[in-house]
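Here the protein sequences line up with chains A, B and C, keeping their order. Residue 101 in our numbering sits at position 67 of the first sequence; the count goes up by one each step and never skips. Residue 230 in our numbering sits at position 177 of the second sequence; the count goes up by one each step and never skips. Residue 194 in our numbering sits at position 190 of the third sequence; the count goes up by one each step and never skips.
Since the hints were made in silico from the structure, they are not lab data. Predicted, not measured: the structure shown is a model, and the values here were computed from it. The beta carbon of each residue, even a glycine, is placed where N, CA and C say it ideally should be. Any given hint could be a false lead.
[What the hints assert, rightly or not] Among chain B residues calculated to face chain C with C-beta under 10 Å, some are: (1) Q234; (2) K293; (3) R295; (4) D318; (5) R321; (6) T324; (7) E325.
[Unchecked claim] Residues from chain B that keep clear of chain C, each with C-beta distances beyond 12 Å, as calculated: (8) P81; (9) L108; (10) R113; (11) R253; (12) L400; (13) Q411.
[Claimed, not checked] For each label pair, taking beta carbons as the anchor points, the in silico distance ranges come out as: (14) A:T143 x C:E270: 25 to 35 Å; (15) C:E269 x A:P225: 45 to 55 Å; (16) B:S401 x C:E270: 31 to 41 Å; (17) B:A332 x C:E270: 51 to 61 Å; (18) A:A304 x C:E269: 44 to 54 Å; (19) C:E270 x B:G56: 35 to 45 Å; (20) C:T145 x A:K252: 21 to 31 Å.
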Amino acid sequence: MMLNMVQALNQAMHREMERDPRVVVLGEDVAVDGGVFRLTEGLLEKFGPERVIDTPLAESTLVGASIGMAVAGLRPIAEIQFMGFIYLALNQIISHAARLRNRSRGRFTVPLVIRAPYGAGVRALEHHSESTEALFCQIPGLKVVVPSTPYDAMGLLLASIRDDDPVIFLEPTKLYRAGRQEVPDELYEVPLGKAKTVREGEGVTIVAWGAMIPGAQKAAEMVEKDGLFPEIIDLRTLAPLDRETVLESVKRTGRLLVVHEAPKTCGLGAEIAAFVAEKAIFQLKAPILRITGQDITVPLAKGEDYYYPSPERVAAGIKKIMES
Amino acid sequence: MIGKFDPLKGERFQVLAENGQANPEREPKLPGPELQKIYSLMATTRAADLKALKLQRQGRIGTFAPSLGHEACQVGSAFAIQAKDWVFPYFRDLGTYVTLGLPLKNYFLYWMGNEEGMHIPAGLNIFTITVPVGSHLPHAVGCAMAMKSRKEAAAVVAYFGDGATSEGDFSEALNFAGVFQTPNVFICFNNQYAISTPVRRQTAAKTIAQKAIAFGFDGIVVDGNDVLAMYAVTKEALEKARAGGAPTLIEAFTYRMGNHTTSDDASRYRTEAEVGEWAKRDPLERFKLYLKTKNLWDESFESRVQKEADAWINKAIAEAEDTPPPSPEDLYIYTYKEMPPDLSEQLSELRESLKAGQR
Amino acid sequence: MAKQFKFPDVGEGITEGEIVRWLVKEGDEVKEDQTLAEVETDKAVVEMPSPYQGTILRIHTREKDIIKVGQVLVTIGEKGELVVDGAEEAKTAEKPAPATGPSVVGIVPESREEIREVLATPKVRKLALELRVDLKSVRGTGPQGRITEEDVRAAKAAAAAPEEKKLAFKVKEKFDFYGELERIPLRGVRRATAKRMHQSVSTAAHVTHFDEADVTELVKIRDSLKTQAGEKGVKLTYLPFIVKALLAAIKDHPLLNATLNDEDEEIIVKKYYNFGIAVDVPDGLIVPVVKGVDQKSIFDLAGEIQTVAEAAKKRSLDLADLKGGTFSITNVGGIGGEAATPIINYPEVAILATLKIKDRVRVKNGEVKAIRTLPLCLSFDHRVIDGAEAARFMNDLVAKLEDADFLGRAAAGKE
Numbered sequence: 035m036m037l038n039m040v041q042a043l044n045q046a047m048h049r050e051m052e053r054d055p056r057v058v059v060l061g062e063d064v065a066v067d068g069g070v071f072r073l074t075e076g077l078l079e080k081f082g083p084e085r086v087i088d089t090p091l092a093e094s095t096l097v098g099a100s101i102g103m104a105v106a107g108l109r110p111i112a113e114i115q116f117m118g119f120i121y122l123a124l125n126q127i128i129s130h131a132a133r134l135r136n137r138s139r140g141r142f143t144v145p146l147v148i149r150a151p152y153g154a155g156v157r158a159l160e161h162h163s164e165s166t167e168a169l170f171c172q173i174p175g176l177k178v179v180v181p182s183t184p185y186d187a188m189g190l191l192l193a194s195i196r197d198d199d200p201v202i203f204l205e206p207t208k209l210y211r212a213g214r215q216e217v218p219d220e221l222y223e224v225p226l227g228k229a230k231t232v233r234e235g236e237g238v239t240i241v242a243w244g245a246m247i248p249g250a251q252k253a254a255e256m257v258e259k260d261g262l263f264p265e266i267i268d269l270r271t272l273a274p275l276d277r278e279t280v281l282e283s284v285k286r287t288g289r290l291l292v293v294h295e296a297p298k299t300c301g302l303g304a305e306i307a308a309f310v311a312e313k314a315i316f317q318l319k320a321p322i323l324r325i326t327g328q329d330i331t332v333p334l335a336k337g338e339d340y341y342y343p344s345p346e347r348v349a350a351g352i353k354k355i356m357e358s
Numbered sequence: 054m055i056g057k058f059d060p061l062k063g064e065r066f067q068v069l070a071e072n073g074q075a076n077p078e079r080e081p082k083l084p085g086p087e088l089q090k091i092y093s094l095m096a097t098t099r100a101a102d103l104k105a106l107k108l109q110r111q112g113r114i115g116t117f118a119p120s121l122g123h124e125a126c127q128v129g130s131a132f133a134i135q136a137k138d139w140v141f142p143y144f145r146d147l148g149t150y151v152t153l154g155l156p157l158k159n160y161f162l163y164w165m166g167n168e169e170g171m172h173i174p175a176g177l178n179i180f181t182i183t184v185p186v187g188s189h190l191p192h193a194v195g196c197a198m199a200m201k202s203r204k205e206a207a208a209v210v211a212y213f214g215d216g217a218t219s220e221g222d223f224s225e226a227l228n229f230a231g232v233f234q235t236p237n238v239f240i241c242f243n244n245q246y247a248i249s250t251p252v253r254r255q256t257a258a259k260t261i262a263q264k265a266i267a268f269g270f271d272g273i274v275v276d277g278n279d280v281l282a283m284y285a286v287t288k289e290a291l292e293k294a295r296a297g298g299a300p301t302l303i304e305a306f307t308y309r310m311g312n313h314t315t316s317d318d319a320s321r322y323r324t325e326a327e328v329g330e331w332a333k334r335d336p337l338e339r340f341k342l343y344l345k346t347k348n349l350w351d352e353s354f355e356s357r358v359q360k361e362a363d364a365w366i367n368k369a370i371a372e373a374e375d376t377p378p379p380s381p382e383d384l385y386i387y388t389y390k391e392m393p394p395d396l397s398e399q400l401s402e403l404r405e406s407l408k409a410g411q412r
Numbered sequence: 005m006a007k008q009f010k011f012p013d014v015g016e017g018i019t020e021g022e023i024v025r026w027l028v029k030e031g032d033e034v035k036e037d038q039t040l041a042e043v044e045t046d047k048a049v050v051e052m053p054s055p056y057q058g059t060i061l062r063i064h065t066r067e068k069d070i071i072k073v074g075q076v077l078v079t080i081g082e083k084g085e086l087v088v089d090g091a092e093e094a095k096t097a098e099k100p101a102p103a104t105g106p107s108v109v110g111i112v113p114e115s116r117e118e119i120r121e122v123l124a125t126p127k128v129r130k131l132a133l134e135l136r137v138d139l140k141s142v143r144g145t146g147p148q149g150r151i152t153e154e155d156v157r158a159a160k161a162a163a164a165a166p167e168e169k170k171l172a173f174k175v176k177e178k179f180d181f182y183g184e185l186e187r188i189p190l191r192g193v194r195r196a197t198a199k200r201m202h203q204s205v206s207t208a209a210h211v212t213h214f215d216e217a218d219v220t221e222l223v224k225i226r227d228s229l230k231t232q233a234g235e236k237g238v239k240l241t242y243l244p245f246i247v248k249a250l251l252a253a254i255k256d257h258p259l260l261n262a263t264l265n266d267e268d269e270e271i272i273v274k275k276y277y278n279f280g281i282a283v284d285v286p287d288g289l290i291v292p293v294v295k296g297v298d299q300k301s302i303f304d305l306a307g308e309i310q311t312v313a314e315a316a317k318k319r320s321l322d323l324a325d326l327k328g329g330t331f332s333i334t335n336v337g338g339i340g341g342e343a344a345t346p347i348i349n350y351p352e353v354a355i356l357a358t359l360k361i362k363d364r365v366r367v368k369n370g371e372v373k374a375i376r377t378l379p380l381c382l383s384f385d386h387r388v389i390d391g392a393e394a395a396r397f398m399n400d401l402v403a404k405l406e407d408a409d410f411l412g413r414a415a416a417g418k419e
């Protein structure tokens, strides 16, 4: 059936909650209201208030309690209303969820998924356009996943729920309803830790994720008439990184362009540039280029366009790296 | 009043009955012109809020949080605040701003998505709108601690909703306030909902005011649709704070007549019957009835108030819409006091890419 | 300075509307916030307030036009200013407001376009460029749907077939072989009704069960309450009683208050009771929903039914008033008729039609008598409800309508 990302994620939760009675959903406004973006629509009616829980307004304890539930044998999906509010739960995530398996030498584990709408481009209020995924990529013990299509969204969410480690599942708000895709009727998984080549090319490898993928594809279309055919890799999982796929591609094309909407300094692009430089410096024909958000607070609506890496900027980046 | 109305016994402070009749023992001693000023502020708040809704329908303002129904708790409490006091709002405070004198243009600018709106004019001791719920409460306490150490006879008011009381910051901040006996007045607008979460699912406590007891100070529940009750209690709490006394938690019991924000659809989680019940307790209507008993309201007064409000509001909208959007420099120069070299470089790159038309 | 006013996004993911009525004409002076036009979206009519003060320089759409979000409705400026079609200030150049989905903040763009992966090697892409073939329209036959060189060449060959020159406009004849015609465009409520009726009939398995209630007691009780109703300022019809009787019957037969979710193949029983009351308006049928009928008294219901019916006729209903229904009632009897086969209000599973209350000759206890009866016709979806269940439900409904004690309790607010 043809679904947009919201529907695909919603369906994923419906199907998995049906298959596995240990899966529960909790968050603010997720039950009665079906979630402020309607991601959890219909779950309360189907599975009841024991498994679909409206919590008080308390992110730290929402995550903290999820950790407790996970330790006690449930598989919680905790929804944080916007990534901008996940900071309240950082202590629970970093001090506990990420390291409980290590602290207890495997006796206690945390099969938890924390979902949050993420990223800019929707003219939102302060704190509703965050993309600080790099923070979580730096924490040992956490997995970080960002889908860019409805098919990947459902498959990755199913895989994340079944994964026995804590997963931070970031959903690009801009892509929530940006088109529909054919999605299988039966259960399937998209494996974590595997990137996908969404466009075969030559001359330059673009590495991107989330809302930057459609942007990169638009940019690639824009430069075709100049005879340029970039290869595009959608990382899909940011931690653990699929370094192999990236290295194989860059060794073949000879150039690397990383695109992310997060601010430049210490963004994930820095890590990608570093390991490519370490492992493939002799195959590089040009300096690595990063087209990213800037090192400023994400502006409110009136200034958002200045900040956001548009397809035009990515296209300019492609031309620049091909000329250098 | 504070300390004499026990929230644990379900006692709630009210001055004006729903029919506008005032309890003579509790009626604050305000001269006629002051009472009329309060009404004017409430009516202006209502008009500005409805106008903002229209602007949102026209695409001229982004999502915002309406204040319909909160005119009494916002204006009544703010009317007691003095210029030397500090105020930490949350995000549903239009009446408070109108009363304290924040230019309405700033309010519109912010919701239009321009940070310039939160460039609070010097001399106004009002903090910025805070989006992460309840996270400004520790700020309000710290500010109060500083003022106390400087022996300033001023108070620090913090506004927040019922939802905020579930956040850890609420407990930690109020705990500090109790330990350090800070000159804080905590005002909670319990409007019964935090988006779709009704207050009985936010806390099992029967009132929010009683939570103060756990932190060692007084809490009081006030009829939030009674502007004189809000004024009287806030005034007392402020005087107590300025005189070096303990903090107070005031719970304004009211109702969110509109949606959480203009993107919310409250009919999904509450009934028309409930909204209709609260519509009968309209704060403006009640105060109007009271003013009538004092011969302070008539049709010509009403039409004058509405005319002045409309003119004032339209002027603010024009000013906001004439304000240019932020420039690339504006986005950069407020990150640090002095721009580090790599940020300068990024700003140059941004200017280059704009010149090349890459938006 | 001439400014354009575009049809904004008025919420609920609405992407288009129809101009019902222009309240101003070109040359008129308008004030800010003055209502310019009434636009109908789905079944609610929305007033468009003017964002600017000035003179209406040009009205760009006519009544009955269908408009999309972002389309220019009107240009307002100073008298005598020139209006250049399509001209826009470079500074305020805007993309048309995108359709948006629900969210608490922000504008989440909504698109129904298909996302398809276009797998093609650079060589194939170069070829497509040369041959001017749009890869998005080509289905790949290679591994994993990859587009091959052959696919591109085949697409080019197919496109090369000469196309008939399409006419830019459609000719609408005023007559055919047999005689004159009148053409009535399908618009507004009529259009929406047509769509909904078709959808309902083509999904549900419609069966109608006919029955009749002896309303001697019902008539008595209603007459006895006429004064009380008058004091409360409401017009008390039989409808509130029928609602209460339905409610009682539905509680014993919950499947009647449900929806069939085809996609997931499940029946969703609603544990709340929102009844739609069909209202006849000039160009069709509107079904406003009275919510929580179990929490309202007979007089509450009477008042609310009156209010929504008036609002429906005046077309001043909110979108919210049309949503959330679990069961519908249509009263044709006011006009006349002995029986009907109503169409279910999709996605509900049942609808009750009430026909004319009048004296009819019946046999009671072996005697031939004239009895006041009310014909009842229940259409139900046989995918969810069987004939036997429907019959039992109707028996219960009839029993309640004939039960003086029940009616008395309902009148006293105890049901």
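Now for the hints, and whether the structure bears them out:
1. Q234: violated (38 Å)
2. K293: Constraint on K293 of chain B not satisfied, violated at 37 Å.
3. R295: With a minimum Cβ separation of about 37 Å from chain C (threshold 10 Å), the hint on R295 of chain B is violated.
4. D318: holds (7 Å)
5. R321: R321 of chain B check passes; min Cβ-Cβ to chain C is 9 Å, inside 10 Å.
6. T324: At 6 Å from the nearest chain C Cβ, T324 of chain B passes the 10 Å test, so the hint holds.
7. E325: Holds. Min distance 6 Å.
8. P81: holds (36 Å)
9. L108: The claim breaks: L108 of chain B does not keep its Cβ more than 12 Å from every Cβ of chain C (closest is about 8 Å).
10. R113: violated (6 Å)
11. R253: holds (18 Å)
12. L400: holds (22 Å)
13. Q411: holds (15 Å)
14. A:T143 x C:E270: 25 to 35 Å: holds (34 Å)
15. C:E269 x A:P225: 45 to 55 Å: Violated - the Cβ-Cβ distance for E269 of chain C and P225 of chain A, about 29 Å, lies outside 45 to 55 Å.
16. B:S401 x C:E270: 31 to 41 Å: violated (59 Å)
17. B:A332 x C:E270: 51 to 61 Å: With Cβ atoms ~38 Å apart, the hint is violated.
18. A:A304 x C:E269: 44 to 54 Å: About 49 Å separates the Cβ atoms of A304 of chain A and E269 of chain C, which means 44 to 54 Å holds.
19. C:E270 x B:G56: 35 to 45 Å: violated (57 Å)
20. C:T145 x A:K252: 21 to 31 Å: Taking Cβ atoms as reference, T145 of chain C and K252 of chain A lie about 26 Å apart, which means the hint holds.
Violated hints for the displayed structure, listed by number in ascending order: 1, 2, 3, 9, 10, 15, 16, 17, 19.
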